[in-house]
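J.: Sequence:
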Amino acid sequence: FPNKEKKKLVYLAGTVPVHYESVYNIPVCIWLHETHPVSRPRCYVRPSLSMMINPCCSCVDATGIISLDGLKNWTYMSMEGQSFVPSDVIEAVQLNRDFPSALKFLTHSCPICQEQVSFSKMTHCSCFLCQTCFKTFFSSAIKEKSVDHLVCPQCGRPEIRGQGRMEESMEYFNLLDTQIRHFLPPQIHELFQRKLRDRALQEMPNFRWCAHCSFGMLHEADRMRMDCPSCKKSTCCQCRSPLQWSPQHQGLSCRQFRLWQQQNQPDHHQTALLSYNSICPNCQFVFSLSKGGCLHFTCSQCQHQFCGGCSQPFALGSQACGFSARCGTKGLHAHHPRDCLYHLRDWSVARLHLLLQTCVVLELRDDGSRREEPCGRPAQPEHGGYCRVHYKERLVELINCFHGDPVVLFSTAEMKAELQRWNIAVPIRTPDEPEPLYAHRLRL
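Each residue of the sequence shown is one higher than the one before, counting from 1 in the UniProt record's numbering.
Please keep in mind that the hints were generated in silico from the structure rather than gathered at the bench. One thing to keep in mind: the hints can contain errors.
What the hints assert, rightly or not - Here are the simulated SDA-like pairs of lysine to any residue, each with C-alpha atoms no more than 25 Å apart in a straight line:
1) 195 to 179
2) 330 to 311
3) 135 to 189
4) 416 to 250
5) 392 to 321
6) 195 to 207
7) 392 to 343
8) 330 to 298
9) 416 to 387
10) 233 to 216
11) 330 to 282
12) 330 to 349
13) 330 to 342
14) 145 to 173
15) 233 to 194
16) 416 to 298
17) 233 to 205
18) 195 to 222
19) 392 to 428
20) 145 to 313
Between the sequences and the hints, there should be enough to build the whole structure, so can you do that?
T.: What follows is the structure, given as structure tokens:
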């Protein structure tokens with residue numbers, strides 16, 4: 001060590017070719033420590049002054065100096081219950097001043113695979129990972145997830161999503177980019193760069209994704225019509241309907257245009273029932289989904305989890321939710337408003353019809369396959385040829401469009417449950433208060 005200290009980090013054993021008793025290349029076993037082994041190996045020949053090192057030997061020169069490169073093929077022995085690769089030992093001695101620091105350099109444990117590796121084989125971040133685990137995790141994550149999920153697999157930090165984290169996230173991604181370029185193949189690094197670019201574009205206020213293809217563009221904020229230079233199709237920059245731009249949309253808000261479609265386009269109801277657009281409330285990415293199936297959606301861009309009926313976020317436990325301490329026992333959940341399909345799908349068709357008055361349809365299967373298949377449920381004649389599930393979903397969509405409030409049909413028990421669900425104190429009924437008056441007071 002530089003401080004003149006000598007310590008045994010590893011016992012090395014190897015052979016060098018020598019000239020011995022008129023024969024060249026007799027393998028002489030060299031043990032790099034002060035005592036010979038109790039049981040000598042078969043190749044063992046006690047070194048003597050009469051021996052001459054083969055001048056063609058690459059690991060030991062004529063003066064007897066052992067080349068460090070020659071040690072790579074030598075075997076190593078354990079010391080104090082630990083074993084080290086010779087190249088790591090050489091690096092530890094060269095980079096550290098004393099024995100304790102060298103030993104610490106050699107004895108890092110990867111928290112993922114629990115393998116013992118040297119410090120130089122760990123990634124340099126807040127949590128150390130061995131290079132093998134780093135390559136495995138980030139290769140898979142870059143291919144399958146968004147860049148917002150490319151965080152430490154050990155602690156999940158840093159938190160790079162949310163307002164005011166731009167500077168922190170850019171500093172982290174700059175470091176990660178250097179590591180990915182060094183450890184991973186060029187095609188993985190190129191994919192990471194593309195996803196990083198898309199993330200930066202999505203944070204620009206005027207950036208919009210095309211509703212018909214995967215192209216994105218900067219759009220003028222004062223124009224509703226958005227023309228894609230890639231697929232040459234047009235759509236509204238606000239609602240981003242999967243249908244082509246209609247001239248009737250000009251001068252009308254998106255809600256007014258939907259009302260116009262319902263009144264003037266007979267096939268609009270069937271088209272709306274077949275498929276619809278879902279907009280991520282976090283990154284505003286638009287993707288087409290078919291009716292039916294699970295209401296729990298995960299954005300393919302930012303991985304935000306939300307309800308397809310009301311756009312409320314899904315959270316796991318009370319710490320991520322923050323609404324109530326009781327959420328700690330709920331697991332993955334969302335707080336759906338009372339007009340969300342999550343609640344109204346349990347209503348009867350007759351009750352939904354009443355609220356509106358004051359199956360060949362594809363649905364996304366919730367089996368992880370992300371395949372669209374016919375729902376297969378029997379179609380009812382009174383439901384316009386659609387199954388009960390999809391017919392209810394269309395009715396709830398109309399209720400939401402016309403801002404119908406289910407509370408007008410709530411019973412007293414339902415109104416009490418609604419208040420309790422939102423942690424609102426339930427008014428106490430006085431002894432002489434009639435039931436209709438108490439129900440009216442709850443409804444207010």
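J.: Taking only the CA atoms, is the gap from residue 416 to residue 387 under or equal to 25 Å?
T.: Status violated; Cα separation ~32 Å.
J.: Is residue 392 close enough to residue 428, meaning Cα to Cα at most 25 Å?
T.: violated, 35 Å
J.: Are residue 330 and residue 282 close enough, with their CA atoms no more than 25 Å apart?
T.: holds, 23 Å
J.: Below or equal to 25 Å on CA atoms is what counts here, so check residue 330 against residue 298.
T.: Within the cut-off at roughly 19 Å; holds.
J.: Please verify whether residue 392 and residue 343 have alpha carbons no more than 25 Å apart.
T.: Distance of about 11 Å is within 25 Å: holds.
J.: Holds or violated: residue 416 with residue 250, Cα cutoff 25 Å?
T.: violated, 45 Å
J.: Taking only the CA atoms, is the gap from residue 330 to residue 342 under or equal to 25 Å?
T.: Roughly 16 Å between the alpha carbons, so the hint for residue 330 and residue 342 holds.
J.: Given the hint that residue 233 pairs with residue 205, test it: the Cα-Cα distance must not exceed 25 Å.
T.: holds, 22 Å
J.: Would the pair residue 330 and residue 349 pass a check requiring their Cα atoms to be no farther apart than 25 Å?
T.: With a Cα-Cα distance of about 29 Å, the restraint between residue 330 and residue 349 is violated, given a limit of 25 Å.
J.: Given the hinted pair residue 233 and residue 216, is their alpha-carbon gap at most 25 Å?
T.: holds, 13 Å
J.: Between residue 195 and residue 179, is the straight-line Cα distance small enough, at 25 Å or below?
T.: holds, 16 Å
J.: Does residue 311 sit within 25 Å of residue 330, going by the straight-line distance between their CA atoms?
T.: Judged against 25 Å, a Cα distance of about 19 Å means the pair holds.
This entry does not satisfy hints 4, 5, 9, 12, 16, 18, 19, going by the numbered hints stated previously.
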